[in-house]
Amino acid sequence: MSVYEWADAIEATSIGTAIAESRYAFPIIEGVHLIALSLSVGLIFITDLRLIGVALKEVPVIQVLQQLRVYLLTGFVVVFLTGGLLVWAEARAVVDSPATPFKFAFLLLAGINAAYFEFGVAKSPEILDSRETVLPRGARFAGYASLVLWTLVIIFGRLIAYIPHWT
Amino acid sequence: MPIDAVLSAVQNSALSRWVAEADHLFTAGLQVIHIIGFILLLSSVSLMSLRLLGLVFVAQPLPQVAVGMRRLLWLGLALAVSTGAIMFVGAPRHYFYNPAFAAKMVLLLLAVIIQSAAFNRVALRPDLSPAALRLIVGLSLVAWFSVSLAGRAIGFI
Chain V
146 MSVYEWADAI
156 EATSIGTAIA
166 ESRYAFPIIE
176 GVHLIALSLS
186 VGLIFITDLR
196 LIGVALKEVP
206 VIQVLQQLRV
216 YLLTGFVVVF
226 LTGGLLVWAE
236 ARAVVDSPAT
246 PFKFAFLLLA
256 GINAAYFEFG
266 VAKSPEILDS
276 RETVLPRGAR
286 FAGYASLVLW
296 TLVIIFGRLI
306 AYIPHWT
Chain Z
1449 MPIDAVLSAV
1459 QNSALSRWVA
1469 EADHLFTAGL
1479 QVIHIIGFIL
1489 LLSSVSLMSL
1499 RLLGLVFVAQ
1509 PLPQVAVGMR
1519 RLLWLGLALA
1529 VSTGAIMFVG
1539 APRHYFYNPA
1549 FAAKMVLLLL
1559 AVIIQSAAFN
1569 RVALRPDLSP
1579 AALRLIVGLS
1589 LVAWFSVSLA
1599 GRAIGFI
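Here the protein sequences line up with chains V and Z, keeping their order. What the first sequence shows, in the working numbering, is residues 146 to 312, in sequence order. What the second sequence shows, in the working numbering, is residues 1449 to 1605, in sequence order.
To be clear, the hints were calculated from the coordinates, so they are not data collected in a lab. A portion of the hints provided could be inaccurate.
[What the hints assert, rightly or not] Straight line, CA to CA, 25 Å or less: simulated SDA-like cross-link-like pairs of lysine to any residue:
| hint | chain 1 | residue 1 | chain 2 | residue 2 |
| --- | --- | --- | --- | --- |
| 1 | V | Lys202 | V | Leu292 |
| 2 | V | Lys202 | Z | Thr1531 |
| 3 | V | Lys248 | Z | Thr1531 |
| 4 | V | Lys248 | Z | Pro1509 |
| 5 | V | Lys248 | V | Lys202 |
| 6 | V | Lys248 | V | Ala154 |
| 7 | V | Lys202 | Z | His1472 |
| 8 | V | Lys268 | Z | Ala1507 |
| 9 | V | Lys202 | Z | Leu1498 |
| 10 | V | Lys202 | Z | Gly1502 |
| 11 | V | Lys202 | Z | Ala1453 |
| 12 | V | Lys248 | Z | Ala1507 |
| 13 | V | Lys248 | Z | Val1458 |
| 14 | V | Lys248 | Z | Asp1471 |
| 15 | V | Lys248 | Z | Gly1603 |
| 16 | V | Lys248 | Z | Leu1597 |
| 17 | V | Lys248 | Z | Leu1498 |
| 18 | V | Lys248 | V | Ile300 |
| 19 | V | Lys248 | Z | His1482 |
| 20 | V | Lys202 | Z | Phe1604 |
| 21 | V | Lys202 | Z | Arg1465 |
| 22 | V | Lys202 | Z | Ser1564 |
| 23 | V | Lys202 | Z | Val1515 |
| 24 | V | Lys268 | Z | Val1506 |
| 25 | V | Lys202 | Z | Pro1574 |
| 26 | V | Lys248 | Z | Leu1478 |
| 27 | V | Lys202 | Z | Leu1478 |
| 28 | V | Lys202 | Z | Ala1476 |
| 29 | V | Lys248 | Z | His1472 |
| 30 | V | Lys268 | Z | Leu1503 |
| 31 | V | Lys202 | Z | Ala1601 |
| 32 | V | Lys248 | Z | Ala1476 |
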């Protein structure tokens, strides 16, 4: 089964057509996707600004990481659920757009960067016990990488509607 | 109707035509900056709300959190409003007579008033009762979230 057949098939299911045809469902799901983005990606941006020493400078970095985690992950759960519903309703358009593979590639890279930071850099004593405003280079690099990668995810996500086809 | 004449005048201006005829990727770029502005705005309001409700960073004095977040809030608003204004100039009649746009502007005004008059002042006072604090935080969050929902609806009406 090609990815196009798969897209047409899920779009044709009752839930797919129900979302696509409802006057309110689609914009509301998109709106919730956007609001949840501000909790997930938004709180990640704020964490990144802490890592590079721009915001929340007086708050020990480990507290930023630990205390925002639950809200940030809740935001991501809602983003992925609403994002899944949007794909369900518009699978063919999402598959057709050249912006889609870029969005998901940068999403994957952002995830890898976050995991590398979380399970590597953030476990070092320099971060765990740090009360410093300026963090070691590894942490600052992870912050800049995250800012750039998540911005690219948002750019290519918005472009899905603007660049519908490869040619 | 004077407002109609104003809208027509804007629509017939060279600037309006330039925006309307610009490449669609220019519009997409404006929208991306608009969305990123909103994300900065909503996330800084959310973070300040969490701090005010005592859910995060309770060990830090309030100003250490509030000052930076307030700056991020106004930066986000400035990005969203400036890009929004350019989009409006490109199609003033289209936006002005769209009910979702009208709702968005009313809600935006309300949100800015609640934010600057209540949230950024009263909510930071240490002697405020917990109930009043929760009310202000709740009103502010609902107002901002409504602005973004109304904004998303503009393209569908």
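Against the structure, the hints:
1. V:Lys202 to V:Leu292: holds (17 Å)
2. V:Lys202 to Z:Thr1531: violated (29 Å)
3. V:Lys248 to Z:Thr1531: holds (23 Å)
4. V:Lys248 to Z:Pro1509: violated (39 Å)
5. V:Lys248 to V:Lys202: It is violated: about 31 Å lies between the C-alpha atoms, which goes past 25 Å.
6. V:Lys248 to V:Ala154: Distance of about 23 Å is within 25 Å: holds.
7. V:Lys202 to Z:His1472: violated (40 Å)
8. V:Lys268 to Z:Ala1507: Between Lys268 (chain V) and Ala1507 (chain Z) the Cα gap is close to 22 Å, so the pair holds against 25 Å.
9. V:Lys202 to Z:Leu1498: holds (18 Å)
10. V:Lys202 to Z:Gly1502: holds (19 Å)
11. V:Lys202 to Z:Ala1453: Distance of about 51 Å is beyond 25 Å: violated.
12. V:Lys248 to Z:Ala1507: violated (38 Å)
13. V:Lys248 to Z:Val1458: With Cα atoms ~36 Å apart, Lys248 (chain V) and Val1458 (chain Z) exceed 25 Å; violated.
14. V:Lys248 to Z:Asp1471: holds (21 Å)
15. V:Lys248 to Z:Gly1603: Holds: Lys248 (chain V) and Gly1603 (chain Z) sit about 22 Å apart, inside 25 Å.
16. V:Lys248 to Z:Leu1597: Answer holds: Lys248 (chain V) to Leu1597 (chain Z) is near 23 Å, not above 25 Å.
17. V:Lys248 to Z:Leu1498: Judged against 25 Å, a Cα distance of about 30 Å means the pair is violated.
18. V:Lys248 to V:Ile300: Cα-Cα ~8 Å, so holds.
19. V:Lys248 to Z:His1482: holds (18 Å)
20. V:Lys202 to Z:Phe1604: Violated. Lys202 (chain V) to Phe1604 (chain Z) sits at ~42 Å, over the 25 Å cutoff.
21. V:Lys202 to Z:Arg1465: The hint is violated at about 45 Å.
22. V:Lys202 to Z:Ser1564: holds (24 Å)
23. V:Lys202 to Z:Val1515: holds (11 Å)
24. V:Lys268 to Z:Val1506: holds (23 Å)
25. V:Lys202 to Z:Pro1574: holds (23 Å)
26. V:Lys248 to Z:Leu1478: OK: Lys248 (chain V) and Leu1478 (chain Z) at ~18 Å, within 25 Å.
27. V:Lys202 to Z:Leu1478: Since the Cα atoms of Lys202 (chain V) and Leu1478 (chain Z) sit roughly 31 Å apart, the hinted pair is violated (cutoff 25 Å).
28. V:Lys202 to Z:Ala1476: This hinted pair is violated, its Cα atoms lying about 34 Å apart.
29. V:Lys248 to Z:His1472: holds (19 Å)
30. V:Lys268 to Z:Leu1503: holds (24 Å)
31. V:Lys202 to Z:Ala1601: violated (37 Å)
32. V:Lys248 to Z:Ala1476: holds (15 Å)
Hint check: violations occur at hints 2, 4, 5, 7, 11, 12, 13, 17, 20, 21, 27, 28, 31; the rest are consistent with the structure.
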